[in-house]
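Colleague: Below are the chains, spelled out letter by letter.
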Amino acid sequence: MKKKTLLIIITIFVLFCFVVLLKGLSNSNTYVPDTKVGKQLLSFKAKKLFNNEEVISDELFFENKIYLLNIWASWCVPCRTEHPNLMQLSSNPSIRIIGLNYKDDLTNAKKFINQMGNPYSEIIIDKDGTISIDLGAYGIPETFIIDKNKKVLKKFVGPINDQSLKEIESLLK
Amino acid sequence: MFFSQLGYYSLIFGLILSFVLIPIACKDLKIINNLISPNIFIIISLQLFTVLLSFISLIVSFINSDFSNETVYNNSHTTKPLFYKISGTWGNHEGSLLLCLLVLILFIFIFLLTSKKEPKKYQIFTLLFQQIIIVGFFLFLLIVSNPFNYLLPIPVEGLGLNPILQDPILAIHPPILYLGYIGSSIIFSSSLAAITQNYVDNKWAKNLKNWVIISWVFLTIGIMLGSIWAYYELGWGGFWFWDPVENISLMPWLCLTALIHSIIVLEKRSLLASWTLILSIASFTLSMCGTFLVRSGILNSVHTFANDPKRGIFILIFLFVLILGSLFIFFTLYKPKIEEQKNFLFSKETSILLNNWFMMYFLSVVLIGTVYPIFLEVIANEKISVGPPFYNKLLIPFLIPFLIFMTIGPNTKWIKDNFKLINLRLILLFIISIFLSYLILSKTGSRGLFTTVLIGSSLYLLFITVKDFFIKNQINLSQKISHFGFSLLILSIIINGIFSSEVITNIKVGEKYNFKHGSIYFEKINSFKEKNYMSVVGTFKIKDRNNKEIYLKPELRIFNQPIMITSEADIKTSFYSDKFLVMNLVKGNEFYNIRYQTKPFMIWIWLSTILLVIGGLVNFLNKERK
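Protein chains in written order, with my numbering: chain A, 1 to 173; chain B, 174 to 799.
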């Protein structure tokens, strides 16, 4: 009898732990070190993808708009999944998207854009990956939201999904 | 591509074999003879072969940098050295689970080979319980963590292994730790089997003890390697951070430590049977809890793998099925057949029981500290993090009685001891220890009654364990080595904790920084191009209080895939202390942030842990020889 009561009490306790942990799972969050958020965007020099012309970053972010700096590559699988979302964002007139092509084969990169569409107002290339290092990126795809004063508002690590789309849209208000 | 398919299909075949094996084993239960059916051996060997084949296929995919495999794509890169390509196989979620599955099957295979003298039904039930765990792992792999997922179009380059993980120690740390964790699965299965067969006696204890020691030895080595890695690689200058995942490995360790002691009592005196069973079940459940907490992403820590809520739910359900199932078996089927024997206040049994209670206390503190933040967040929606002060406050005061008690316990005899409470020599030794501790502390300028007693009691334990080596009987050699190792470990940790010193400053090339006991001069900085990273090495000249000069050369590694900067500390190790220097970049600035630490008795922490392990191994080898 005593054993049975003990078993029941322990079972109830174990089930309680189960429910708490199950709820805890939906709360789980990944840790994103936001090194550059809130700081001024560093200026850099780069070449354009389509005409190989050299450009400095100040010339890219000159309009009075919200900029998205998206780091991508043709070989990057998650970049493919986020591409339709970027296409959708590009139709918004108050946004400009700059693509930073990371360590890519340039023919493949052009093919990628021709196949999937071009959401970028300008694409620059980062052949050796140094610009991305300076920007504080640590993987691709990664997207920086840059405001009118060239301040980094936020950065998204990983592909832009529906959740991040909503966040970007809320930043535009 | 071929190897991915081979791996995938042999994994499925392995799962089918489990479903073939279970009914055959059940049928064999009804056949009355002493040997288990040879068919069972054939099937389990075949299962071992299929999973081994699957694992080798994954290794080959990693070596070939076959990026059509998603796991390889996410965790490897063509520029990575071969050694790290191979270790990348188990450096990720999917591959490590496949390794766990392999070890699960390997261990039950070894168990069946080495337990032929045990009762047949006990063997088959152990096999059945183990197969339940194995099926769980198979399903987990195939449904939510398939290591052989396809990618099309095939990427030309992989996303690289986390550069922090490119370290020789870390390449072997996970598999050794898994051997420890998974070793406890055999303890779990055979305890449940022993309950169903009413076989919980000294004969069973003798058979199981080997497995307990093996798991404990692997777990100890695994934890030590993890600490060594954290010390050398993470650049935080410590070896234990009370990080949730470290705690998770500590919990089964405490459990297994208590279990080793209990199972000796069960073997020699047929006592503490319930303790042994509960600890056996708890060791494996705590290991599985660890898997849940790490792999579900419910906790944030250096160890967090890419997380997917589906995985979390799967492990959680599996874990609770195991817990509830084993509780049910324990409460309904376990009949304690051994009559409680009379206990004496001073006997080995009583001291081991006390030891168990201490272990359980330490275990609960660690457990509460680890899961409390999760519970609080869910129930009260409040975020807190539990750090070292919590553990220090709750654990250290209990160390003093524990250490003193450890000097008495091992010297008592079984059943009854005419232990003299007033033993002048021992009391004198204790007073000398306290006095020595006082001298050490006052010489270094730090004092305090509490620290004096703490260091005093660990010194006392050290003296007693050394003294024990000179007592003639060598029966308990393994215990003596382990206890000596443990006392040395505690002493080194305490001294290290109290006397470590640290200097943090920002400094540029050509500058000199003076601190209380010396100075640091930043001589120069060089950079080199390595195969898959850029290396920046600083040269620092450090003078200590005796004007002795040493050079330390910490390094920064800038990896390109993924982009990540890691700091490699430069450490000069000596018998008395470690000098540790690490530097970090201050962004957009010519200054470097440096941290210089002196850490006394650092090497003794590793040496004493090795002694602990040797103690366990001696016990194991002695028995094998007999």
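Possibly wrong hints are sitting among the right ones.
[Claimed, not checked] Using 25 angstroms as the maximum straight-line C-alpha spacing, the simulated BS3-like pairs for lysine-lysine come out as follows:
(1) 689(B) to 653(B)
(2) 127(A) to 653(B)
(3) 103(A) to 702(B)
(4) 702(B) to 39(A)
(5) 45(A) to 689(B)
(6) 382(B) to 566(B)
(7) 681(B) to 716(B)
(8) 47(A) to 150(A)
Simulated from the structure, these hints should not be mistaken for laboratory data.
Colleague: Determine for every hint whether it applies to the structure shown.
Modeller: Here is what the structure says about each hint:
no.	hint	in the structure
1	689(B) to 653(B)	42 angstroms, violated
2	127(A) to 653(B)	62 angstroms, violated
3	103(A) to 702(B)	18 angstroms, holds
4	702(B) to 39(A)	30 angstroms, violated
5	45(A) to 689(B)	46 angstroms, violated
6	382(B) to 566(B)	34 angstroms, violated
7	681(B) to 716(B)	17 angstroms, holds
8	47(A) to 150(A)	20 angstroms, holds
Consistency note: the structure conflicts with the earlier hints numbered 1, 2, 4, 5, 6.
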